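Here the protein sequences come in this chain order: Z and R. Counting in the working numbering, the first sequence runs from 552 upward without gaps. Counting in the working numbering, the second sequence runs from 4 upward without gaps.
Bear in mind the hints are in silico, worked out from the structure with no lab data behind them. Watch out, some of these pointers could steer you wrong.
Said to hold, decoys possible - Output of the computed footprint for chain R on chain Z, the stretches with three or more beta carbons under 8 Å from beta carbons of chain R:
1. 654 to 667
2. 678 to 687
3. 726 to 733
4. 746 to 753
5. 766 to 772
In this text, all values refer to a predicted model and were calculated from it rather than measured experimentally. Yeah, the Cβ is synthetic: ideal placement off N, Cα and C, and Gly gets one too.
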Amino acid sequence: MSVQAVLFDAPGPRARRRHLILTIVGTLLVLGILGVVVWQLNEKNQFEAFLWEPFTYPDTWTEYIIPGLVNTLRAAAVSIVFAMVFGVLFGMGRLSHVRPVRWVCGVIVEFFRSVPVLLMMIFTFFFYVRSLGMPGTTASFWAVVTGLTLYNGSVIAELVRSGVHQLPAGQGEAGLAVGLTEGQTLRIIKLPQALTAMLPALMSQLVVVLKDSALGTFITYPELISAARQLGSRYANILPAYVVAAVIFIVLNFLLTTVAARVERWISLRGHTAGAPTAAASNLVAGARAGAPGEFGTNVLDHVEEEIHEHRHHPRHPRDPGGADRT
Amino acid sequence: MIDILTEYDILGAFWKTIQLAFFSAIGSLVLGTILAVFRVSPVAVLRNIGASYVNITRNTPLTLILIFCSLALFGVLGYALAPRESPTYIVDNAFRWAVIGLSIYHAAFVCEALRSGVNTVPVGQAEAARAIGLTFGQSLSQVILPQAFRGAIAPLGSVLIALIKNTTVAAIISVPEAAALMRVIIENETGSLIVFFIFALGFVILTLPVGIGFTSLSRRLAVKR
Numbered sequence: 552m553s554v555q556a557v558l559f560d561a562p563g564p565r566a567r568r569r570h571l572i573l574t575i576v577g578t579l580l581v582l583g584i585l586g587v588v589v590w591q592l593n594e595k596n597q598f599e600a601f602l603w604e605p606f607t608y609p610d611t612w613t614e615y616i617i618p619g620l621v622n623t624l625r626a627a628a629v630s631i632v633f634a635m636v637f638g639v640l641f642g643m644g645r646l647s648h649v650r651p652v653r654w655v656c657g658v659i660v661e662f663f664r665s666v667p668v669l670l671m672m673i674f675t676f677f678f679y680v681r682s683l684g685m686p687g688t689t690a691s692f693w694a695v696v697t698g699l700t701l702y703n704g705s706v707i708a709e710l711v712r713s714g715v716h717q718l719p720a721g722q723g724e725a726g727l728a729v730g731l732t733e734g735q736t737l738r739i740i741k742l743p744q745a746l747t748a749m750l751p752a753l754m755s756q757l758v759v760v761l762k763d764s765a766l767g768t769f770i771t772y773p774e775l776i777s778a779a780r781q782l783g784s785r786y787a788n789i790l791p792a793y794v795v796a797a798v799i800f801i802v803l804n805f806l807l808t809t810v811a812a813r814v815e816r817w818i819s820l821r822g823h824t825a826g827a828p829t830a831a832a833s834n835l836v837a838g839a840r841a842g843a844p845g846e847f848g849t850n851v852l853d854h855v856e857e858e859i860h861e862h863r864h865h866p867r868h869p870r871d872p873g874g875a876d877r878t
Numbered sequence: 004m005i006d007i008l009t010e011y012d013i014l015g016a017f018w019k020t021i022q023l024a025f026f027s028a029i030g031s032l033v034l035g036t037i038l039a040v041f042r043v044s045p046v047a048v049l050r051n052i053g054a055s056y057v058n059i060t061r062n063t064p065l066t067l068i069l070i071f072c073s074l075a076l077f078g079v080l081g082y083a084l085a086p087r088e089s090p091t092y093i094v095d096n097a098f099r100w101a102v103i104g105l106s107i108y109h110a111a112f113v114c115e116a117l118r119s120g121v122n123t124v125p126v127g128q129a130e131a132a133r134a135i136g137l138t139f140g141q142s143l144s145q146v147i148l149p150q151a152f153r154g155a156i157a158p159l160g161s162v163l164i165a166l167i168k169n170t171t172v173a174a175i176i177s178v179p180e181a182a183a184l185m186r187v188i189i190e191n192e193t194g195s196l197i198v199f200f201i202f203a204l205g206f207v208i209l210t211l212p213v214g215i216g217f218t219s220l221s222r223r224l225a226v227k228r
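With the sequences and hints as input, model every part of the structure.
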């Protein structure tokens, strides 16, 4: 355990005894909580076979869960594509050398970042139904897509901007020196590198999109949570239905996060961009982009948490968008 | 338009939003701090508890957590958080479950924010503290934590902003806050863009000062390195 040598002293006999006690206390805490949960669920008859049996029926999956999941994935996939287009357009707009363009794009991006997604979905849903005369299901799909696109597109616009700012100044200077215009430098030199560096951040944004697509249940979009509710009312097993839905979400998002971490490592190994990968691989934080990273590259926690590779430290631009966007 | 403003209690709905945000912020700060301590502790079991909590909560949609609180924990298992004889029983119960759900969800992000604060402290600081003979407790309380809290201010501000926006999800479990009221107005009166802008503006007004405040605070308190 030499990795912990920095934050903690190598434990002596007394510290080791203390750690042992804490380990036992921690284990008992977990077992205790699990025990109470199981006991309470058993008390309320939530382990009865008839509640869980429906998950062995094929039509539970083919009529409820899979169609719900497909709708969730469909909304997320369409949204992330539109959000990318929106983000690249407005990100470039914010980097434009024409001041009014920069200003207008800035106001739009900041506005959509600070308005809750649910408000946009509610408004656009009723707008699509009443003013465009769409049928309910179509309207709810496009309302979900609109809300997710505007919000996540704005977040991506910020990512584009910070990705470009993060490139070494020499990249832009070299472009201008060989006679490209400002616009050409942005499009041909800076943007491709920034997009490569953004890839992991983009993938973790997909986790956000996937999670937020669940908001669609409020405007009657038949996604996974709505499907779980229908399943629950058909077999009177609401609790198991939501548990299964939660497991599906957690597994999907966990996979995405893991892949994002892989991609980030791959990019930093492989080069192809003069900048470091933007924003660590998780839909977390907030934090990775907090203050200026320690100048010497290693920080206290890197020694403590060797298991979390994705937190290996990369220099990040302080102008990275805030973590609010990932919550 | 004017009669909508007078007929519906928009300020009251935003007051509910503020209350939700306030209590959930306290709840998630307490829970998140405990988790952050777990995550940097020298005991492997505690670190794993913290990591599992963060990974599970962060990957679950907030919508699902709130619906689970409302329909499964309250609806199926019958845990009520307000006295049944109270006249405001239904609203109070939904509100309290929403606070719990929001706290559970955002605690994971608070934990990561605090941890990233510890991450801004260069290794040299801990090494120096040990080199001059401080114990673990001393080096943590005198050297590392004071710097870590300053580094955590900016990400904590981001979490608070996200929390304020996420209180709208409580509308799904029928807490009468701003998003729920907007839906009622749009459904019953008019779906005009003005209604949307009024509510959007409300959230801009709520989040903007938080962002500015936390940014300037984190600049003012930043550790010069």
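- prompt: Three or more residues of the segment 746 to 753 of chain Z near chain R by CB distance under 8 Å?
  reply: violated (count 0)
- prompt: For the segment 678 to 687 of chain Z, do three or more residues have a beta carbon lying closer than 8 Å to a beta carbon of chain R?
  reply: Three-residue rule met by the segment 678 to 687 of chain Z, so holds; n is 3.
Verdict on chain R covering the segment 654 to 667 of chain Z, where coverage means 3 or more residues with a C-beta closer than 8 Å: holds (count 4)
message: Can you confirm whether chain R covers the segment 726 to 733 of chain Z, using C-beta to C-beta distances below 8 Å and requiring at least three such residues?
response: With 0 residues closer than 8 Å to chain R, the segment 726 to 733 of chain Z misses the three-residue bar; violated.
- prompt: Are there three or more residues in the segment 766 to 772 of chain Z whose C-beta lies within less than 8 Å of some C-beta in chain R?
  reply: That given contact holds, which follows from 3 residues of the segment 766 to 772 of chain Z lying within Cβ reach (below 8 Å) of chain R.
Checked against the numbered hints listed earlier, the structure breaks hints 3, 4; every other hint is satisfied.
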